[in-house]
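Asks: One-letter residues, chain by chain:
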Amino acid sequence: MDSGDTAWLLASSALVLLMAPGLAFFYGGMVRAKSVLNMMMMSFIAMAIAPVVWFLYAYSLAFGDDAKGGLVGGLDHVGLNGISPSTLTGTIPTYVFVVFQLTFAIVTIALISGAVADRMKFVAWALFVPVWMTVVYAPVAHWVFAFDGDDIKGGWIANKLGALDFAGGTVVEISSGASALALALVVGKRVGWKRDPMRPHNLPSVLLGAGLLWFGWIGFNAGSALGANQLASLALINTVAAGAAAMLGWLAVEVIRDGKGTSFGAASGVIAGLVAITPSCGSVSPMGALVVGAVAGAVCAFAIGLKFKLGYDDSLDVVGVHLVGGIVGTLLIGLLASNTAIELLGFGQPGLFYGGGLDQLGKQVVAAAVVLVYAFTCTYVIATVIDRLIGLRIDEEHEVTGIDQIEHLETAYDHAGSTTGGMG
Amino acid sequence: MDSGDTAWLLASSALVLLMAPGLAFFYGGMVRAKSVLNMMMMSFIAMAIAPVVWFLYAYSLAFGDDAKGGLVGGLDHVGLNGISPSTLTGTIPTYVFVVFQLTFAIVTIALISGAVADRMKFVAWALFVPVWMTVVYAPVAHWVFAFDGDDIKGGWIANKLGALDFAGGTVVEISSGASALALALVVGKRVGWKRDPMRPHNLPSVLLGAGLLWFGWIGFNAGSALGANQLASLALINTVAAGAAAMLGWLAVEVIRDGKGTSFGAASGVIAGLVAITPSCGSVSPMGALVVGAVAGAVCAFAIGLKFKLGYDDSLDVVGVHLVGGIVGTLLIGLLASNTAIELLGFGQPGLFYGGGLDQLGKQVVAAAVVLVYAFTCTYVIATVIDRLIGLRIDEEHEVTGIDQIEHLETAYDHAGSTTGGMG
Amino acid sequence: MDSGDTAWLLASSALVLLMAPGLAFFYGGMVRAKSVLNMMMMSFIAMAIAPVVWFLYAYSLAFGDDAKGGLVGGLDHVGLNGISPSTLTGTIPTYVFVVFQLTFAIVTIALISGAVADRMKFVAWALFVPVWMTVVYAPVAHWVFAFDGDDIKGGWIANKLGALDFAGGTVVEISSGASALALALVVGKRVGWKRDPMRPHNLPSVLLGAGLLWFGWIGFNAGSALGANQLASLALINTVAAGAAAMLGWLAVEVIRDGKGTSFGAASGVIAGLVAITPSCGSVSPMGALVVGAVAGAVCAFAIGLKFKLGYDDSLDVVGVHLVGGIVGTLLIGLLASNTAIELLGFGQPGLFYGGGLDQLGKQVVAAAVVLVYAFTCTYVIATVIDRLIGLRIDEEHEVTGIDQIEHLETAYDHAGSTTGGMG
Amino acid sequence: MKLVTAVVKPHKWEEVREALAATGIAGMTVTEASGYGQQKGHTEVYRGAEYDVSLVPKIRLEVVVDDADVDKVVSTITGAAKTGKIGDGKVWVIPVESVVRVRTGETDEAAL
Amino acid sequence: MKLVTAVVKPHKWEEVREALAATGIAGMTVTEASGYGQQKGHTEVYRGAEYDVSLVPKIRLEVVVDDADVDKVVSTITGAAKTGKIGDGKVWVIPVESVVRVRTGETDEAAL
Amino acid sequence: MKLVTAVVKPHKWEEVREALAATGIAGMTVTEASGYGQQKGHTEVYRGAEYDVSLVPKIRLEVVVDDADVDKVVSTITGAAKTGKIGDGKVWVIPVESVVRVRTGETDEAAL
Ligand SMILES: Nc1ncnc2c1ncn2[C@@H]1O[C@H](COP(=O)(O)OP(=O)(O)O)[C@@H](O)[C@H]1O
Ligand SMILES: Nc1ncnc2c1ncn2[C@@H]1O[C@H](COP(=O)(O)OP(=O)(O)O)[C@@H](O)[C@H]1O
Ligand SMILES: Nc1ncnc2c1ncn2[C@@H]1O[C@H](COP(=O)(O)OP(=O)(O)O)[C@@H](O)[C@H]1O
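Protein chains in written order, with the numbering used here: chain A, 1 to 424; chain B, 1 to 424; chain C, 1 to 424; chain D, 1 to 112; chain E, 1 to 112; chain F, 1 to 112.
In case anyone wonders, no lab produced these hints; they're calculated from the structure.
Bear in mind that the values here come from a model prediction, so they are computed numbers and not experimental data.
Worth double-checking, as some hints may not be accurate.
[To be verified] To spell it out: a stretch of chain F is covered by chain D in this simulated footprint if at least three of its residues, at any positions, have a beta carbon under 8 Å from a beta carbon of chain D; those stretches are:
(1) 25-39
(2) 49-59
(3) 70-81
(4) 95-107
[To be verified] Once the Cα atoms are required to be at most 25 Å apart in a straight line, the calculated DSS-like pairs of lysine-lysine come out as:
(5) Lys260/B to Lys82/D
(6) Lys189/B to Lys85/E
(7) Lys40/D to Lys40/E
(8) Lys194/C to Lys309/C
(9) Lys68/A to Lys194/A
(10) Lys194/A to Lys72/D
(11) Lys12/E to Lys194/C
(12) Lys72/F to Lys82/F
(13) Lys12/D to Lys189/A
(14) Lys194/C to Lys12/F
(15) Lys40/F to Lys194/A
(16) Lys72/E to Lys194/B
(17) Lys85/D to Lys72/D
(18) Lys189/A to Lys68/A
(19) Lys12/D to Lys82/F
(20) Lys194/B to Lys40/E
(21) Lys40/F to Lys260/A
(22) Lys72/E to Lys82/E
(23) Lys85/D to Lys189/A
(24) Lys189/C to Lys85/F
(25) Lys68/C to Lys153/C
(26) Lys82/F to Lys12/F
(27) Lys260/C to Lys194/C
(28) Lys194/A to Lys309/A
(29) Lys82/F to Lys194/C
(30) Lys72/F to Lys189/C
Glycine residues also receive a C-beta, built at the ideal position from the N, C-alpha and C atoms.
Generate coordinates for the entire structure from the input sequences, incorporating the hints supplied.
Replies: What follows is the structure, given as structure tokens:
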């Protein structure tokens with residue numbers, strides 16, 4: 001055990017754990033005041049359910065010794081069986097690894113909730129969470145994150161295909177984005193969609209949420225080096241570079257198109273860049289990260305317009321930002337993976353622009369496509385089944401009244417008489 | 001000195017320091033808009049006064065060489081005398097240990113303030129803080145946290161009694177909860193208590209506050225291992241497990257009783273679980289932590305109802321969550337302490353369910369009871385004396401107007417004219 | 001490479017990165033509801049532009065091998081040329097050092113924005129950021145932070161003059177404060193200044209922002225030890241001590257002058273103390289830090305009144321808190337630098353009160369004065385030029401309407417109909 | 001002239017505004033209000049205790065009009081605000097003695 | 001019919017509502033308001049500078065009633081809102097020419 | 001007595017209050033309102049889509065006065081609220097049948 005590596009992973013686990021409340025604040029500010037609590041609760045309930053599921057069996061499905069063909073892990077670690085404080089994973093205690101990986105699962109699920117703001121029955125969401133985690137997240141995490149060890153076999157994407165995904169562009173971003181699309185399609189549009197602006201009720205919350213997410217993302221990406229090492233330093237600098245460049249990219253699009261850059265655009269841009277650098281932060285150079293970020297920021301700024309054309313109500317743009325951004329980042333590896341980074345990683349090929357040819361790009365395409373299709377299909381089925389069983393949506397009238405009152409018997413704010421000082 | 005252990009404790013100190021502002025936000029959102037500033041200021045002033053008191057003499061009372069019978073530390077470290085940057089405590093610089101322990105004192109005091117929301121003279125609170133810290137916190141911390149060393153004697157609970165309290169279920173939770181009860185009794189009920197709902201004015205703040213607390217609690221519990229080691233990994237996973245299970249436990253009670261789960265319940269549930277796992281995170285297994293959390297969440301969800309029956313106005317439920325949750329966690333060690341954990345700790349006995357018999361449970365009961373009675377009694381006396389001297393409460397009329405205007409000459413919000421966009 | 005030192009610097013980089021959003025929230029709460037988004041955006045755009053500039057060339061200007069007379073670094077690291085994941089700076093990867101130093105630049109620039117709240121064209125600010133960073137920040141960082149190495153020469157203040165500035169009292173605080181003054185003078189007063197109170201629209205945000213800043217500041221100061229070592233432990237304890245004492249100092253002034261202590265004063269006090277301890281946290285004892293904090297808190301509480309007397313509209317008191325606080329902290333080193341700390345640092349002389357004579361004080365005065373004059377002059381010129389080119393200010397009428405609507409086409413809040421529950 | 005005051009459901013107010021604009025009504029003044037009547041409020045839970053929020057959000061609008069336009073305005077509002085469900089609101093008419101346009105000092109009809 | 005407008009202290013409004021309900025008043029419209037009068041506001045401090053907040057929070061309620069009920073309504077409100085301290089508020093009565101219930105189109109008495 | 005209702009620009013309201021106080025007007029009731037008229041609102045962008053915020057913030061104030069004071073009050077308000085730019089607002093006068101001061105039960109002139 002290395003105490004320095006352990007210290008960093010303990011800190012990283014805390015950082016990524018904070019991403020769920022950060023996301024709750026980020027998403028919560030984006031919806032109308034009448035549904036902010038439900039929006040935040042969808043993230044919080046994920047923080048409650050995911051750990052239980054993960055410790056009971058999902059961790060084993062993801063990181064247990066491969067059961068068959070690199071598709072899913074076995075049940076050897078059900079109930080964290082066979083793991084004690086002295087068990088190690090690399091240079092850190094396995095318990096830390098278990099928690100670090102759990103926090104990824106929490107964030108991924110919480111991300112999906114943005115697509116169904118204001119209208120999904122809370123009990124339906126609470127049912128969706130564990131099922132999705134079992135059917136989609138755990139297997140995909142196995143494919144991508146479970147590497148073969150001396151006495152353990154991992155997943156097919158990591159070991160057989162050899163696609164590069166350092167911190168979860170496929171597992172986290174593409175899978176959440178594709179699932180968000182499927183769920184939004186099954187749940188349907190919000191009452192008044194396209195007619196009412198439904199603008200964010202609290203943009204400062206959105207900005208603070210974005211800040212907390214960026215902060216947590218450093219644990220997410222640099223923590224994925226599983227140690228306080230050179231790879232972590234690369235992931236760190238790339239994470240900062242991409243977030244920054246993406247904010248500029250997004251704002252540039254807005255300034256050109258609308259004349260001014262919005263705060264909402266700045267917040268969204270940062271996230272788009274962080275999404276895109278998630279898979280690539282271990283395989284591109286800082287200069288490459290600036291490119292990844294700028295491209296992601298600009299592309300996603302346009303991508304969020306798609307829903308209006310195609311007519312699905314992905315309320316908080318999970319598709320436009322996470323699916324599209326995840327694809328951008330995953331594929332750009334095929335072009336921008338640098339020799340130095342690849343050497344450091346110890347596997348994969350340099351990207352096209354670094355003389356590595358199209359080989360790596362091909363693998364990236366396969367990984368992205370398979371995860372996209374798998375997540376979308378499974379989620380579509382899961383959602384449809386839940387809809388049949390208990391219904392996914394609240395009544396139209398309740399939706400107009402506000403889901404907080406209906407599903408949580410609360411309203412978010414009570415500022416009665418508190419602003420009088422203002423006029424004085 | 002171990003740089004990895006030091007790195008983790010530096011980070012943990014920062015994490016626990018953040019808990020006070022996090023608590024301020026958590027509590028601040030729970031009160032009415034007219035008293036949010038005072039609520040937050042009670043935590044902030046604790047962040048101002050506690051460090052001064054701690055460095056000047058309280059640290060010495062807690063961690064100085066035992067003065068008499070394991071009851072209180074001596075004055076050898078008054079003014080941090082005898083401590084330099086090169087002094088070590090275990091594998092970390094003593095200065096880091098001093099700060100880490102200080103942050104615990106800050107949080108403990110700040111917790112108490114929730115019991116007297118909306119109505120306590122700020123000067124009275126500012127006087128209460130140092131006195132309580134001296135009379136209650138420092139000695140109790142000595143009893144529980146000061147272990148005998150080669151050349152230094154510690155407190156009676158840690159060394160003579162041998163009760164297990166990894167991160168402060170007694171020192172932090174039971175003592176703050178019992179003190180909150182005493183203070184609430186002496187201060188008396190809010191005007192309109194039971195008649196007006198007095199519901200939270202900003203629930204998103206409560207949720208974000210809960211998120212920041214969970215984040216900080218990882219430093220609180222895993223940092224209590226005083227290193228980036230196996231014990232820290234156990235504390236980490238248990239902290240996540242208990243918080244999650246407790247949220248489920250609390251929400252389950254609400255769903256059964258009220259038909260729906262509230263966001264306020266979710267936030268409160270997390271805290272209840274973290275409270276209960278604080279003493280036990282070093283002595284139970286992850287599965288045990290799920291049990292501790294679930295039990296604490298459900299029990300506290302009922303416990304907060306007590307005040308209405310017994311008729312004391314513990315405004316933000318410090319008693320129902322921290323006293324009750326602290327007792328639950330402290331006692332459950334007697335049942336759930338696992339052999340592996342006990343081995344790792346190097347002292348204590350396994351719990352009843354692990355064949356350890358009732359021995360450990362007995363010690364836990366004694367520790368909990370003594371701390372409860374001591375904290376309650378001292379606080380009751382301190383509060384009564386301060387009341388006689390300068391009065392604890394503001395005028396009724398001022399309370400109705402709002403304590404912020406009266407005690408801080410400010411009002412929290414000025415949103416005049418800012419929401420017009422809303423109707424457009 | 002030391003994994004423990006690296007772990008701490010990775011964490012510190014994340015902590016300091018969080019300071020920008022924290023500052024955005026801190027500043028955002030201080031302005032009126034109609035300009036909160038613009039206020040926050042000034043910090044966010046700094047997070048977007050600074051990294052790009054830093055990686056492209058500013059890092060090289062600051063930490064590249066000295067080009068001439070200790071005035072500025074050379075261009076050897078343009079585009080991070082010559083740095084790879086395996087390059088080390090001391091015991092940590094250089095990439096981590098690059099990011100850690102970058103976060104300082106971001107915070108410094110963001111601080112300046114407080115002086116021009118509500119009225120500066122966003123495009124003008126977006127232009128100011130990179131220019132100021134190039135002309136002012138990078139060179140000053142070179143002077144103070146770039147130490148001579150075996151094969152590399154650094155800046156004149158650090159190596160020739162030998163003034164002590166552990167974490168940036170001159171580079172960060174004095175330079176941002178002096179620049180804020182210059183910018184405020186060129187931009188001019190807000191419409192209605194002195195006539196309208198223009199009180200903070202959301203004080204809880206200010207308090208939470210202060211909490212996040214304190215949290216981040218631990219990475220800022222203790223991280224400046226560039227390792228998890230004894231020096232870091234000293235910086236940690238001093239950072240906590242000074243923040244606390246300063247809050248008390250500021251509140252004491254308010255209580256004496258106004259009868260009560262405000263929450264805004266508490267938040268401002270903490271920052272004043274953190275500002276003053278920034279240069280001195282590595283050279284004073286914890287008791288000295290209490291003095292530094294108390295003095296800074298009290299002095300700044302008065303200093304913020306200056307603007308009304310001298311008639312410049314430094315809207316959020318960057319001058320009163322950062323310039324004045326920075327000077328206080330930089331000079332007090334000359335009085336309070338302790339022998340133990342100086343020994344540990346390995347250079348500099350103890351302060352006057354520790355028998356070190358006036359020598360060190362003289363050096364501190366020179367460093368403070370030169371940085372103040374340089375930053376003020378350059379900023380004044382930069383601002384004037386930008387004003388000529390594109391104009392620094394928005395129209396008066398737009399300012400009255402609210403800059404958010406004009407510069408970002410957004411309004412921050414939409415609480416329409418959400419508070420009805422309140423009256424029930 | 002008359003002052004027509006209408007209390008309508010928040011999500012209907014946009015339609016009311018457009019309908020009035022269509023009939024050439026130049027201006028109006030709007031306030032957020034809360035209504036109490038046959039339409040019941042909702043129930044919230046706080047710490048397990050239920051309590052009623054008896055008020056429901058409404059938009060209250062005031063239009064000063066020529067005597068001639070009163071009926072048109074009233075029927076336009078009622079037409080646009082109607083959902084047929086309880087809580088649609090009320091419209092009442094009050095006599096106005098004089099009106100002044102602050103900017104110009106014009107009075108009565110000319111001020112509208 | 002008449003329009004009874006009352007401005008009362010916020011913490012008294014619940015009692016007013018209950019008292020009116022007791023007398024069988026079916027509905028009313030409520031707005032948050034700020035009052036200025038003999039009851040002085042409070043003083044706040046910002047950066048050491050004092051400034052007066054001249055306004056005090058009030059609740060403003062409007063009830064349209066039959067001519068017959070006017071006195072009852074007025075006295076009920078004054079009775080329930082009274083604390084005897086400065087700032088209790090005012091109640092004034094204005095003639096109403098017509099009322100319509102949006103949902104049904106019923107007018108006047110029938111609309112209440 | 002009469003009820004004088006005025007809708008003015010927010011940043012002008014302080015001046016109006018002071019001007020009224022100067023003429024010895026003891027009290028008034030103020031509400032935040034939104035106005036719609038010749039003065040256009042602004043345009044916001046959300047996710048690249050523009051939408052109009054048709055309303056502009058206004059302050060609405062109500063003063064109940066003796067018949068004798070009406071003209072003075074109206075002219076005082078218009079004088080203080082005037083900027084000459086579109087959107088300055090309106091002032092209208094309505095007859096009041098009776099007023100009561102809650103605290104004392106005094107009525108009419110005595111209640112003001
Ligand atoms: N007597 C009244 N005076 C003033 N406003 C009233 C009165 N009665 C009802 N209202 C307003 O009209 C709204 C709708 O009335 P309600 O009785 O709920 O439904 P409906 O008008 O469809 O019968 C109420 O919420 C309230 O704002
Ligand atoms: N002339 C007036 N016109 C309209 N509202 C008034 C008038 N005078 C007072 N008010 C309202 O009545 C409230 C109470 O009046 P105030 O003079 O403060 O106390 P009191 O009514 O007990 O004498 C004020 O806050 C204001 O809202
Ligand atoms: N017919 C009306 N009834 C009630 N209020 C009105 C009416 N017309 C205008 N107002 C109010 O007066 C304000 C100013 O009117 P507007 O036409 O914009 O400018 P001006 O009064 O200078 O011509 C509007 O915002 C609205 O609040």
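Asks: State for each hint whether it applies.
Replies: Checked hints:
no. : hint                 : verdict
1   : 25-39                : holds (count 8)
2   : 49-59                : holds (count 3)
3   : 70-81                : holds (count 4)
4   : 95-107               : violated (count 1)
5   : Lys260/B to Lys82/D  : 32 Å, violated
6   : Lys189/B to Lys85/E  : 24 Å, holds
7   : Lys40/D to Lys40/E   : 36 Å, violated
8   : Lys194/C to Lys309/C : 11 Å, holds
9   : Lys68/A to Lys194/A  : 47 Å, violated
10  : Lys194/A to Lys72/D  : 31 Å, violated
11  : Lys12/E to Lys194/C  : 37 Å, violated
12  : Lys72/F to Lys82/F   : 15 Å, holds
13  : Lys12/D to Lys189/A  : 20 Å, holds
14  : Lys194/C to Lys12/F  : 16 Å, holds
15  : Lys40/F to Lys194/A  : 23 Å, holds
16  : Lys72/E to Lys194/B  : 31 Å, violated
17  : Lys85/D to Lys72/D   : 23 Å, holds
18  : Lys189/A to Lys68/A  : 40 Å, violated
19  : Lys12/D to Lys82/F   : 33 Å, violated
20  : Lys194/B to Lys40/E  : 30 Å, violated
21  : Lys40/F to Lys260/A  : 20 Å, holds
22  : Lys72/E to Lys82/E   : 15 Å, holds
23  : Lys85/D to Lys189/A  : 24 Å, holds
24  : Lys189/C to Lys85/F  : 24 Å, holds
25  : Lys68/C to Lys153/C  : 10 Å, holds
26  : Lys82/F to Lys12/F   : 8 Å, holds
27  : Lys260/C to Lys194/C : 22 Å, holds
28  : Lys194/A to Lys309/A : 11 Å, holds
29  : Lys82/F to Lys194/C  : 22 Å, holds
30  : Lys72/F to Lys189/C  : 36 Å, violated
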